[in-house]
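Participant: Taking the hints as your guide, dock the two standalone chains into a single complex.
If you want the building blocks of each chain, they are given just below.
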Amino acid sequence: MPDARSLKPCRAERRAKPWNSVFQSPRPPHKASIAVGASALSAKTLTHGARCPSFAAKRLGLTTLLLPLALSGCVGPQSTFGGAGSEAAAVEALFWFMLWGAVFVWVVTIGIAIYATRVSPGRHSERTGIRFILIGGVIFPTVTLAGLLVYGLKMMPEMRSEANGPTIAVSGERFWFRVAYGVEGEPGVVKSLPPGGVESANEIYLPVGQRSELLLGSPDVIHSFWVPALAGKMDMIPGRVNRLVIEPVREGVYNGVCAEFCGDAHAQMGFRVIAVSPEAYAAHVEAQSQPAALTSGPGLDAFMKNGCDACHTVRGTEADGAIGPDLTHLASRRTLGAGLLAMSEENIATFVRATDHVKPGVEMPSFGVLPDAEITAIAAWLGALK
Amino acid sequence: MFGLDRQTRDNIWTLIAAPTIWALHFLLAYGVAAVQCAPNQAIFETITATRWMIAGITVVALALIGLIFLRAYREWKGHGGGTVNDQDTDVARESFLEFSTVLLAGLSFVSVIFVALPALFIADCR
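Chains as they are written, first to last, in full-length UniProt numbering: chain A, 1 to 386; chain B, 1 to 126.
Bound conformation, chain B alone (with noise of 0.2 angstroms):
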């Protein structure tokens, strides 16, 4: 699955994966977060059933950008791990998209658990 153990090709769907993940995890975690809050009442209510919520699509979303990351890092350890592309051939070009999406990935990683941290921490519509 996700070619962990093997050379696949990265192109651009592959490398904005990662963030496509982080943009649908916001969005949908301030939607849930919305439809439970904006009616601005009764706002000292628990909404234990909304957090919940989120820290599901939290999980899921950590662990798909986190097989993008391993799939992305197993394939650029095995093009050598090199942070320099300055080569024109379709090695360099593989390894520089997989390089990019590690980062990315990581990024978006970071950035979901960010994101989710307010579930965490606020426990109603406050």
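Same shape as in the complex, but just chain A (with noise of 0.2 angstroms):
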């Protein structure tokens, strides 16, 4: 009987051909052997793809190409890989502790399976086998699991230390993040978050080497809140205040995201944490506390006719509304609509004229219908408010 390896097809041949024709040679095999012959080409068909040189080479090709797409996803300024805080630093080691374990018990548990169809394949004793089940079943996931447990019990309560820098209000809210800095209050079962500080919105300054209190709240739904880069996520809840303290250790731009489904936009609310120098921060704090630069002219004329002051607070000015974003600075944040345009003229123009074509599910009403003179005013003079 002629080698079955050599007469395999490769995986499209195998497709067309009836499998008796894979056994086909000059003269009929012994009877005894179709058996043992049908199993060993059954249990070597679990690898045939790799002795298919055009199929394996297409599958390498496929790989190589995807495989800097996956791994893409594993740096960047949303990558838990940074370790740009010290709670994610704590977490990657924890993730690559355990992702070497699991390749470790995997390579334990192939090694075990090959033994046991290859290397010894006959029948093992019941005593060996209440051994195997005994030590590889249970003392040996009861131990590794106790000790993971350990260690991760023992990371929490460390992550969550007090704080030694500034308290920090942050409200998730359909579909863009309220921010006020330096507020006084602490979590608990509350309406709201505690008023005062600084405010801003989408955009987060930290001081890098300190630890900072956020304190998380909503208005309306459950979001979360999410810079993958400097921390864990923390649920942000209305009729709660939860807390979060991180700690970014490398100054840098990460990106925050809403991590709970909250809505038609929940994909488009996403924020920026800029960790700087703690001499920046307060710098930064001081600069977003004063007015507007800009407290007159006809953009800001528009912005009051149209009634935009109903929803936005511009300090400095008579627009004092409550409902959306704070803009006496909108100029010197980094993104426009909570993360998902650069800051320019042109795309607050855009953005005034189809809320809801840039930002479907955006609660802000287009203002299309508005002459086009107002528009662009208005994008100018919250393009100066730096």
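Hints in this document: simulated from the structure, not taken from any laboratory.
Cβ atoms here follow ideal geometry from the backbone N, Cα and C, with glycine treated the same way.
Watch out, some of these pointers could steer you wrong.
Computed, partial: chain A to chain B, Cβ under 10 angstroms [to be verified]:
#1 Leu94
#2 Thr142
#3 Leu153
#4 Met159
#5 Val241
Facilitator: Right, here's the structure in full:
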């Protein structure tokens, strides 16, 4: 009988041919060898793809193409592998520890499977079987899980230890983040976040090397506050103030997202965290606490005439609405529409004209009905509010 | 007590007794911790009373599961301690239930310890 390996077809051929054609040989096989040949073939078919050069090459090519794409998620401002915060670094260490542990368990398991099927395929005694199950299935998992549990439990209180930096209130609102620097308050079951502080939106400055305390809440639905590069998630729940302590260890700009589905524009509900030196943080908050840079002109007139002040505050003017984001220093932010567009006059005008087109589901109505000159004036004014 | 010295007839209730204690322990431990920590206030204050309560219900749960384990183990050994149950007889059925009870009691014992471990390592409501 010829070598079964040399006769095995590539996957495409295998589909085209009936199975019995695989056994074509110059003379019919001996009856007793048919069963053995069939079982050997079925066992070896598992590795069949690797012996077919064209298919293996295609698979390798596909993997080579997709691997960078998959790994590209491991870097950048939104990656948990950045280790830019002390909590993220601890979680990353835990991840690698568990990953290598899982690899070890996998290798051992597959090694045992190979041993049982290839090296020593004979029947083992019941005593050996029970001992194997007791050690591999009871003692090893129990000890491993207990170790991991203790490791994780010891880590938790450290992550939530007392803050030594500023207290910042962040409110998740459909579909943006209200920010107030320097509030005084505690976590608890309360209707709303503590009032006061220097208000901003969709951008949070944090001092590097200090443990800032973030008080998180929401007036509408449950959101979740997540800056993967800095720390873990924390829910923002209506009627409750949660506490998250973040300690950035490296300066930089990091992406934050809402990590709990909250409505149509959930996917466009993002923010930026800018980790800076404590001095730069203090300077930023001081600058944000000042009134608007430009408190007169056609842009402000158009803004007030069209009722924008019903929802937005611009400190230093009569606009004192509290429904939407504070626009006092809008142009100092990196993004517009909660992490959606780059900050520019053109983008402000585009957003005002057709909010729902830019950000489907947004609460702010479109103002495309306004004369273009007014929209341009409003955008020019807001674009000057550094 | 619990038929430690005699052979009793096992049934579905003796089989699920240990996991039921595990479930009740889980419920009580989380209930006690939630009553203390759900208000989300004074999160740095130690919660010694709550931790002792969890320790207490853990000891009770472990003792009960231990008794269930011991009873089933002795009866299973009394029936020969076999792990192969492929016969359609009352003894095989009994042995199967006893062995299953032993395994479930072991699992429940470890799980109750795992459920109680946070109370050992975390001293406040953080």
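Participant: Look at each hint and say if it fits the structure.
Facilitator: Here is how each hint holds up against the structure:
Taking 10 angstroms as the C-beta contact cut-off toward chain B, the hint placing A/Leu94 at the interface is violated, the least distance being around 15 angstroms. The beta carbon of A/Thr142 is positioned within 10 angstroms of a beta carbon in chain B (closest approach about 6 angstroms), and the interface hint is therefore held. Restraint check, A/Leu153 versus chain B: the minimum CB separation of about 4 angstroms is within 10 angstroms; hint holds. With a least beta-carbon distance of about 9 angstroms to chain B, the hint placing A/Met159 at the interface is held under the 10 angstroms criterion.
Taken as an interface hint, A/Val241 checks out: its beta carbon lies about 7 angstroms from the nearest beta carbon of chain B, inside 10 angstroms.
Violated hint: 1 only; the structure is consistent with all others.
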